[in-house]
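Enquirer: Starting from the given sequences, assemble the full structure and let the hints guide the process.
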Amino acid sequence: MHIDQWLETIPPLLVYITVGAVIGFESLGIPLPGEIVLVSAALLASQHSELNPWIVGIVGSAGAIVGDSLGYLIGRKGGRRLFDWAGRKFPKHFGPDHVANAERIFARRGVWAVFFGRFVAILRILCGPLAGSLHMNYGKFLAANALGGIAWAGGTTALVYSLGVVAEKWLSRFSYLALGLAIVAGVIISLLVKKRMGRRHHEEPAGETAAAER
Numbered sequence: 001m002h003i004d005q006w007l008e009t010i011p012p013l014l015v016y017i018t019v020g021a022v023i024g025f026e027s028l029g030i031p032l033p034g035e036i037v038l039v040s041a042a043l044l045a046s047q048h049s050e051l052n053p054w055i056v057g058i059v060g061s062a063g064a065i066v067g068d069s070l071g072y073l074i075g076r077k078g079g080r081r082l083f084d085w086a087g088r089k090f091p092k093h094f095g096p097d098h099v100a101n102a103e104r105i106f107a108r109r110g111v112w113a114v115f116f117g118r119f120v121a122i123l124r125i126l127c128g129p130l131a132g133s134l135h136m137n138y139g140k141f142l143a144a145n146a147l148g149g150i151a152w153a154g155g156t157t158a159l160v161y162s163l164g165v166v167a168e169k170w171l172s173r174f175s176y177l178a179l180g181l182a183i184v185a186g187v188i189i190s191l192l193v194k195k196r197m198g199r200r201h202h203e204e205p206a207g208e209t210a211a212a213e214r
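Note that the UniProt record's numbering numbers the sequence shown so that position 2 is 2, with each residue one more than the last.
What the hints contain is simulated information worked out from the structure, not anything from laboratory work. We put the CB at the ideal spot given by N, CA and C, even for glycine. Where hints are given, some of them may not hold.
[As the list claims (entries may be wrong)] Pairwise CB distance ranges, derived in the manner of DEER restraints:
#1 Leu159 with Pro11: 42 to 50 Å
#2 Pro33 with Arg81: 26 to 34 Å
#3 Trp54 with Tyr138: 23 to 31 Å
#4 Arg108 with Gly139: 15 to 23 Å
#5 Ala100 with Ala143: 25 to 33 Å
#6 Pro11 with Phe119: 29 to 37 Å
#7 Lys77 with Ala107: 38 to 46 Å
#8 Leu147 with Ile36: 19 to 27 Å
#9 Ala158 with Ala100: 33 to 41 Å
#10 Ala107 with Ile17: 18 to 26 Å
#11 Ile30 with Leu147: 19 to 27 Å
#12 Ala121 with Ser162: 16 to 24 Å
#13 Phe119 with Asp97: 19 to 27 Å
Expert: So, in structure tokens, the structure goes:
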């Protein structure tokens, strides 16, 4: 079962909690499909669902901000030992190359890495813990984290919701157009068949008369 199909089976309140929790835990540093859950919820909201896209965007933003902040605190306490442990457990996400590359980006870009890191899958997981382990100023981190979380979660929700509404309207118009074309085609075919049957009806008596005369 796909994530969007699974979300359809649970009440709206649980969908909001799921979106916030998955994004929060992902931001905390746990590899979870936060972006997929957010996109699926926004798409469901666009399809005449009971989901409110505003709430989806708000809980997504809140999950990102809170998760990153907790990840920052964990990174500040755990430091390098945390990444060594995570690298053994999740080598695809916390391998030495991934961490070293993220550290270079943070050293070069600072708070901008926190803001734009929200839009990159690997940095989204590493952002909070890495900023904490590097002892980035928390005030600056929080500001960049909040702006990035709102821009990412709110922007993604708005974009996907808008595209979903437009796509549904287009498909609805397409279905009405197809129905209209089918009706017109049916009428034309009926007229052609009726005309052909009428022509045969006139030809048959003429043929019978000629045969009788012979």
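Enquirer: Give a verdict on every hint.
Expert: Checked hints:
Under the hint 42 to 50 Å, the C-beta atoms of leucine 159 and proline 11, about 25 Å apart, miss the expected range. For proline 33 paired with arginine 81, a C-beta distance near 27 Å keeps the hint of 26 to 34 Å intact. Remark: the range hint 23 to 31 Å for tryptophan 54 to tyrosine 138 is upheld by a beta-carbon distance near 29 Å. For arginine 108 and glycine 139, the hinted distance range of 15 to 23 Å is satisfied, since their beta carbons lie about 20 Å from each other.
Checked against the hint of 25 to 33 Å, the C-beta distance between alanine 100 and alanine 143 comes to roughly 26 Å, which is consistent with it. A beta carbon spacing of about 30 Å between proline 11 and phenylalanine 119 agrees with the range 29 to 37 Å that was offered as a hint. At about 21 Å, the beta-carbon gap between lysine 77 and alanine 107 misses the expected band of 38 to 46 Å. Taking 19 to 27 Å as the suggested C-beta distance range, the pair leucine 147 and isoleucine 36 conforms, at roughly 23 Å.
One distance hint, 33 to 41 Å for the beta-carbon pair alanine 158 and alanine 100, holds here, with the actual separation near 35 Å. At about 37 Å, the CB distance of alanine 107 to isoleucine 17 disagrees with the hint of 18 to 26 Å. At roughly 23 Å, the beta carbons of isoleucine 30 and leucine 147 sit within the given window of 19 to 27 Å. At roughly 23 Å, the beta-carbon separation of alanine 121 and serine 162 lies within the given 16 to 24 Å, and the hint holds.
For phenylalanine 119 paired with aspartate 97, a C-beta distance near 20 Å keeps the hint of 19 to 27 Å intact.
Violated hints, listed in ascending order, are 1, 7 and 10; each of the other numbered hints is respected by the structure.
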